[in-house]
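2 protein chains.
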Amino acid sequence: MTASTASPLPSVNRQFILAARPVGMPKESDFRLVSAPLPALASGQVLLRTVFLSVDPYMRGRMNGIRTYADPVDIGQLMIGATVGKVAQSQNPAFQVGDIVVGYWGWQEYAVSDGKGLQKLDPSLAPISAALGVLGMPGMTAYFGFLDICQPKPGETVVVSGAAGAVGSLVGQIAKIKGCRAVGIAGTDAKVAWLTGELGFDAAFNYKTTEDYVAKLRELCPQGIDCYFDNVGGAVTDAVLPLLNVRARISVCGQISQYNSAKPEPGVRPYIFLLTKQSRAEGFIVSQWMDRFPEGVAQMARWLKEGKLKHREQIVEGFENAPRALIGVLQGDNTGKMLVRFASS
Amino acid sequence: MTASTASPLPSVNRQFILAARPVGMPKESDFRLVSAPLPALASGQVLLRTVFLSVDPYMRGRMNGIRTYADPVDIGQLMIGATVGKVAQSQNPAFQVGDIVVGYWGWQEYAVSDGKGLQKLDPSLAPISAALGVLGMPGMTAYFGFLDICQPKPGETVVVSGAAGAVGSLVGQIAKIKGCRAVGIAGTDAKVAWLTGELGFDAAFNYKTTEDYVAKLRELCPQGIDCYFDNVGGAVTDAVLPLLNVRARISVCGQISQYNSAKPEPGVRPYIFLLTKQSRAEGFIVSQWMDRFPEGVAQMARWLKEGKLKHREQIVEGFENAPRALIGVLQGDNTGKMLVRFASS
Chain C
1 MTASTASPLP SVNRQFILAA RPVGMPKESD FRLVSAPLPA LASGQVLLRT VFLSVDPYMR
61 GRMNGIRTYA DPVDIGQLMI GATVGKVAQS QNPAFQVGDI VVGYWGWQEY AVSDGKGLQK
121 LDPSLAPISA ALGVLGMPGM TAYFGFLDIC QPKPGETVVV SGAAGAVGSL VGQIAKIKGC
181 RAVGIAGTDA KVAWLTGELG FDAAFNYKTT EDYVAKLREL CPQGIDCYFD NVGGAVTDAV
241 LPLLNVRARI SVCGQISQYN SAKPEPGVRP YIFLLTKQSR AEGFIVSQWM DRFPEGVAQM
301 ARWLKEGKLK HREQIVEGFE NAPRALIGVL QGDNTGKMLV RFASS
Chain S
1 MTASTASPLP SVNRQFILAA RPVGMPKESD FRLVSAPLPA LASGQVLLRT VFLSVDPYMR
61 GRMNGIRTYA DPVDIGQLMI GATVGKVAQS QNPAFQVGDI VVGYWGWQEY AVSDGKGLQK
121 LDPSLAPISA ALGVLGMPGM TAYFGFLDIC QPKPGETVVV SGAAGAVGSL VGQIAKIKGC
181 RAVGIAGTDA KVAWLTGELG FDAAFNYKTT EDYVAKLREL CPQGIDCYFD NVGGAVTDAV
241 LPLLNVRARI SVCGQISQYN SAKPEPGVRP YIFLLTKQSR AEGFIVSQWM DRFPEGVAQM
301 ARWLKEGKLK HREQIVEGFE NAPRALIGVL QGDNTGKMLV RFASS
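Those protein sequence lines, which keep their order, are chains C and S. Going by the working numbering, the first residue of the first sequence is number 1, and it counts up by one from there. Going by the working numbering, the first residue of the second sequence is number 1, and it counts up by one from there.
A couple of the hints might just be wrong.
Computed footprint of chain C on chain S, listed as stretches where at least three residues anywhere in the stretch have a Cβ under 8 Å from a Cβ of chain C [stated by the list, open to error]:
1. 245-256
2. 290-298
Partner residues are not named here, just some residues of chain C that face chain S (Cβ under 7 Å, in silico) [to be verified]:
3. VAL97
4. GLN258
5. ILE272
6. LEU275
7. ALA281
Since the hints were made in silico from the structure, they are not lab data. We treat Cβ as the ideally placed atom computed from N, Cα and C, and that holds for glycine.
Could you build all of it, start to finish, from the sequences and the hints given here?
Below, the structure written as structure tokens:
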């Protein structure tokens with residue numbers, strides 16, 4: 001009998017479900033906190049107690065009723081999301097009570113799992129929350145989405161939008177590691193100061209207080225733009241286009257400025273720029289490099305250890321604040337990686 | 001002494017120069033027909049008598065005062081363009097009077113050349129005008145711009161805009177050779193009939209008489225769109241985006257709907273589609289494959305001989321009609337390759 005129990009059994013499990021499809025920016029009332037009974041463990045199962053929930057811009061897309069690259073969250077369904085937690089009970093010989101694991105069990109305090117998709121973490125190697133950030137999905141997004149699609153070369157100029165976010169802040173630092181000029185676009189002066197003062201970006205600007213993005217980019221990118229890593233879209237991206245160099249590469253990672261629009265707002269079509277500059281724009285989803293994640297995690301961990309990568313977490317305390325945390329991410333409130341820490345942890 | 005003369009020396013050379021930068025659609029008055037003396041040949045030079053001038057959409061871009069991938073034509077300067085002609089005099093041992101050559105000597109009846117950039121044609125292998133079409137720049141544009149950027153696979157759906165043009169008509173046929181479903185977009189019912197009736201496109205539609213492009217594309221592309229070869233841009237391209245399949249490829253060859261716009265007209269930004277479909281849009285200029293042109297010419301010639309490729313020429317008689325021919329191309333008057341034949345030939 002491998003069952004073991006380290007703490008008293010919880011009687012109920014609190015979960016956030018999708019209550020309504022948001023119109024524009026999500027409201028707290030679009031989420032509902034519900035209590036569900038916790039089923040008893042069957043053989044092979046583990047009970048997980050959530051410690052951290054990752055809060056990411058892509059979640060907004062899943063709240064629409066439209067299938068994109070993944071199924072949407074249905075009304076009444078558990079909100080999806082990446083999580084780190086502790087094994088609280090185990091009927092699975094591969095897991096011991098107290099093991100720390102990362103998985104994708106969504107917005108809930110507890111989850112029952114058969115162990116598939118769980119990965120054990122070694123807290124002595126890195127803080128466990130890193131598995132949701134620099135060593136997790138955002139880290140892999142930065143590593144593969146930038147290096148594979150942009151193929152940056154030393155001396156090139158790399159522009160990053162959403163540069164103070166979990167992904168963008170890593171992309172700019174990887175650009176520096178690769179010998180590029182890194183220019184960030186962010187939404188507050190404090191973020192701009194963090195990018196240039198702490199992370200080593202060569203330049204950055206606050207798009208909320210800048211009138212003419214093209215003029216500003218021209219000033220900060222005197223050699224033009226070779227790589228553009230786009231988290232934001234909209235007018236910021238429009239302004240990058242006239243400055244593209246020949247054979248420029250645009251990695252389309254996110255379009256956070258557009259996620260709350262019911263239909264795409266009109267803007268500048270990029271084709272004439274792609275044509276005259278023989279340039280390329282490519283969208284990706286990080287899972288396309290799934291089989292290479294070990295390479296990405298190993299490299300990012302090495303750079304972390306060498307002090308070449310810095311990362312910041314913004315932690316919202318208390319599960320009940322998860323909707324507010326997501327709304328904050330969509331409003332650009334976060335610097336670095338946004339996480340929710342569960343009180344029970 | 002290698003000099004020889006097959007016909008009486010011309011006294012003057014007629015040329016079209018750029019008279020004014022067009023605002024919107026070029027007018028005939030934006031060109032001026034001038035007479036220039038023909039210099040005597042120096043050693044190593046040949047005198048070329050133009051037989052065919054190629055008229056192509058890209059010429060519109062060169063009439064603006066803006067450097068794109070090539071220098072603009074200055075006011076008062078000879079209009080550029082690809083040409084086929086006969087050697088009328090030769091002081092160059094590599095060329096004999098009567099040789100037929102293809103080159104890039106522009107809108108003029110005669111040209112003096114040192115032989116660089118000239119390529120001899122064998123009239124017994126293909127009609128000499130083919131060097132300006134299926135075996136020339138438009139053919140290479142179709143061959144490399146489609147095959148290299150779209151990498152079509154059998155069973156995929158390929159949509160081509162400007163499908164009845166010199167390039168588009170070849171792209172659809174190459175798509176069929178590669179086992180794809182080819183769907184064309186063109187601007188007259190006669191063009192549509194030509195595409196489906198003679199060239200083997202699986203389907204086509206007239207965008208000028210179609211109200212809802214997305215609905216029409218959905219009907220004609222029941223499996224979605226894997227490759228889009230774009231000559232046109234604008235609303236037609238906007239309509240392709242929602243139908244892209246995962247890992248779709250857009251080859252940006254031309255944007256003829258936009259060439260006469262002083263600034264890009266607002267439209268649908270493609271990024272959210274590229275992102276959710278992990279898709280790619282890439283612009284090119286045919287010269288990037290220059291070192292592989294022999295491969296392209298050989299393959300296109302083989303397909304022509306095998307009857308797998310058909311091509312059509314639309315010939316405007318008389319050099320003085322060259323401006324009208326270019327305006328016609330920009331208005332979509334041509335089916336297949338537009339050429340000007342010189343009366344003196």
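Quick rundown of the hints versus the structure:
1. Under the rule that three or more residues need a Cβ within less than 8 Å of chain C, the assignment of the segment 245-256 of chain S holds, with 5 such residues.
2. Residues of the segment 290-298 of chain S lying with their CB closer than 8 Å to a CB of chain C number 0, which falls below the three-residue condition for coverage.
3. A cut of 7 Å between beta carbons decides the hint on C/VAL97: the least distance to chain S is about 40 Å, and the hint is violated.
4. Restraint check, C/GLN258 versus chain S: the minimum CB separation of about 6 Å is within 7 Å; hint holds.
5. With its C-beta approaching chain S no nearer than about 5 Å, C/ILE272 sits inside the 7 Å limit, and its interface hint holds.
6. Interface hint status for C/LEU275: upheld, as the beta-carbon distance to the closest one in chain S is roughly 4 Å, under 7 Å.
7. The closest approach between the C-beta of C/ALA281 and any C-beta of chain S is roughly 5 Å, which is under the 7 Å cut-off, so the hint is satisfied.
Consistency with the previously given hints fails for numbers 2 and 3, ordered from lowest to highest.
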